[in-house]
Amino acid sequence: MSSLRLYDTATREIRDFTPIKPGEVSMYVCGATVQAAPHVGHIRSGVNFDILRRWLMASGFNVTFIRNVTDIDDKILHKAVHEEIPWWAVAMKYERAFADAYQALNVLPPTYEPRATGHITQMIELMETLIKNGSAYAPGNGDVYLEVRKLKSYLTLSNQKLDDLLPAGDADETYKRDPRDFALWKAAKPGDPSWPTPWGPGRPGWHLECSAMAHAYLGADFDIHGGGLDLIFPHHENEIAQSQAAGYGFAKLWMHNAWVTTSGEKMSKSLGNSLQVMEVIKRVRGIELRWYLGSAHYRSMLEFSFEALDESATAFRRIENFLKRAEEVAGDIHTVIADEFAAVMNDDLSVPQGLALISEWLRNGNTALTSGDKSEIAKNASHIRGALIILGCDPFDPAFGEGSGADLTSAVDALIALLLEQREAARARKDFAAADSIRDRITAMGISIEDTPQGPRWSIN
RNA sequence: GGUGGAGUGGCCGAGAGGCGAGGCUCGGGACUGCAAAUCCCGCUACACGGGUUCAAAUCCCGUCUCCACCUCCA
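Here the numbering used here runs 40 ahead of the position in the first sequence, where the first position is 1.
If you are wondering where the hints come from, they were derived from the structure by calculation, not from laboratory data.
Hints may contain errors.
[As the list claims (entries may be wrong)] Each computed PhoX-like pair below joins lysine-lysine, with the alpha-carbon atoms no more than 20 Å apart:
1) K172 - K201
2) K216 - K61
3) K229 - K172
4) K229 - K216
5) K292 - K192
6) K364 - K292
7) K229 - K115
8) K216 - K190
9) K306 - K292
10) K190 - K201
11) K172 - K190
12) K133 - K119
13) K229 - K119
14) K364 - K419
These figures come from a predicted structure and were not determined experimentally.
Based on the provided sequences and hints, a complete structural model is requested.
Encoded structure:
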């Protein structure tokens with residue numbers, strides 16, 4: 041069997057993945073800055089890395105998955121003023137909104153989900169290390185900066201030259217030794233929340249938290265660091281700078297997911313609420329949104345449209361419908377990871393090629409359903425289900441359960457069966473007017489009737 | 001200005017030197033009492049101009065268009 045290869049942003053090539061510790065994978069993904077409800081672009085990142093995680097687990101690795109929550113930053117403070125609630129209430133409100141969205145799309149909870157404000161101690165320790173070894177300085181105004189000119193290497197991830205950069209501009213320039221130096225820590229402004237430090241009260245700069253938390257939970261060296269494309273610079277560059285200046289090896293492999301675009305452009309909040317996750321799942325189910333977001337390769341832009349979303353949902357329902365019929369005819373569907381599927385997933389998570397395989401199994405499975413070939417039905421269904429589990433779209437996953445409605449299924453089944461018996465009787469005596477009348481009335485209840493080689497079956501629309 | 005990415009059939013979306021991914025839509029057919037579902041067939045594309053090659057969507061040169069990052073960003 042093939043082994044996993046992944047694209048590394050740092051080297052810009054697909055490389056063999058070899059974990060630091062055999063059988064173990066440590067990964068850190070930059071999560072949300074909780075200052076607004078998540079839109080479909082945010083959740084795509086969650087879905088993409090969830091697919092990676094599921095694939096690693098299915099490949100036999102024990103995965104430690106850390107995804108942080110940035111619960112303090114400028115936007116959160118601004119929002120607090122705007123919404124007239126405390127900054128921590130803003131953070132909690134949107135952290136919950138993200139959690140709800142992750143859950144709705146069946147994104148597995150991380151092994152641990154550290155918050156920035158819970159790791160001030162680790163950040164101070166890191167800054168002390170950096171100041172002590174001469175990599176960082178505290179000019180006396182309460183800020184702490186990393187001195188980028190002192191770094192052995194910088195900007196290796198984004199492949200830029202220091203002299204081509206525009207000044208960082210995230211703090212008062214007058215205290216910086218170089219305009220490109222960036223803030224590890226920001227002095228408190230009047231009215232802002234702050235934490236005490238040896239350099240005065242203040243709050244974390246954006247980048248420091250990830251270095252501190254990755255170190256706290258994964259150690260000096262870990263396997264994979266992920267996030268959105270837009271984090272490459274400055275966020276990930278600065279994480280590397282801080283961590284390596286402190287003597288950590290840091291991430292061995294960098295992965296970045298592409299955006300969801302609209303009209304070819306990166307999604308932005310100016311589009312309003314219509315593309316918020318919770319709005320979109322009023323139109324399609326969570327599992328269908330997940331299928332759509334996961335269907336493009338993670339490094340390709342996904343051009344969002346409601347038309348494409350609807351089509352994608354329809355395509356998913358075909359697969360789901362086959363699995364349900366297969367279960368009815370052939371019994372419980374085992375999950376099998378087909379070798380072909382493993383091969384495409386091992387090739388930098390080539391999900392779109394996996395979908396082509398699913399299409400093939402679907403066609404074969406439907407053909408088998410028509411001919412009644414149970415072993416062929418079971419085989420194709422189990423391959424499909426094995427793939428869907430990796431994609432996080434298994435229709436039988438209780439995470440997507442039909443809730444209390446499931447309890448009614450057997451009762452409805454008995455009622456519909458009664459009606460179908462009458463319809464079958466009418467058909468048998470060629471009284472098609474009566475038969476169609478029964479079907480029409482069932483349809484009017486929102487239930488579809490299909491005649492299959494195994495007899496009629498019903499499903500709720 | 002610097003860095004990175006993209007342009008594929010009506011639409012979505014893979015591929016990255018050689019037998020036309022796949023899906024959706026549309027047209028035709030099979031099955032069916034009729035539907036629905038399903039299956040089969042059809043619609044032969046790679047921004048533009050050169051070049052390399054027996055062979056290019058894929059490599060090289062040039063051009064155009066679009067996007068992103070360099071300021072918060074999944």
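We went through each hint and held it up to the structure:
As the CA atoms of K172 and K201 are separated by approximately 27 Å, the hinted pair breaks the 20 Å bound. Of the supplied pair hints, the one linking K216 and K61 is violated, its CA atoms being roughly 40 Å apart against a limit of 20 Å. Note on K229 and K172: the hinted pairing is violated, with a Cα-Cα distance of about 26 Å set against a maximum of 20 Å. A C-alpha spacing of about 18 Å is found between K229 and K216, which places the hinted pair at or below 20 Å, so the restraint holds.
Using a Cα cut-off of 20 Å, the hinted pair K292 and K192 holds, with the two alpha carbons roughly 18 Å apart. Using a Cα cut-off of 20 Å, the hinted pair K364 and K292 is violated, with the two alpha carbons roughly 42 Å apart. This hinted pair checks out: K229 and K115 have alpha carbons roughly 15 Å apart, not beyond 20 Å. Only pairs whose Cα atoms come within 20 Å are accepted, and K216 paired with K190 is accepted, the gap being roughly 13 Å.
With a C-alpha separation of about 28 Å, the suggested pairing of K306 with K292 is violated against the 20 Å cut-off. About 14 Å separates the Cα atoms of K190 and K201, which keeps this hinted pair within 20 Å; it holds. With a C-alpha separation of about 13 Å, the suggested pair K172 and K190 falls inside the 20 Å cut-off, and the hint holds. Of the pairs offered as hints, the one joining K133 and K119 holds, with about 11 Å between alpha carbons and a cut-off of 20 Å not exceeded.
The straight-line distance between the Cα atoms of K229 and K119 is roughly 16 Å, inside the 20 Å bound, and the hint therefore holds. For the proposed pair K364 and K419, the alpha carbon gap of about 14 Å is at most 20 Å, so the pair holds.
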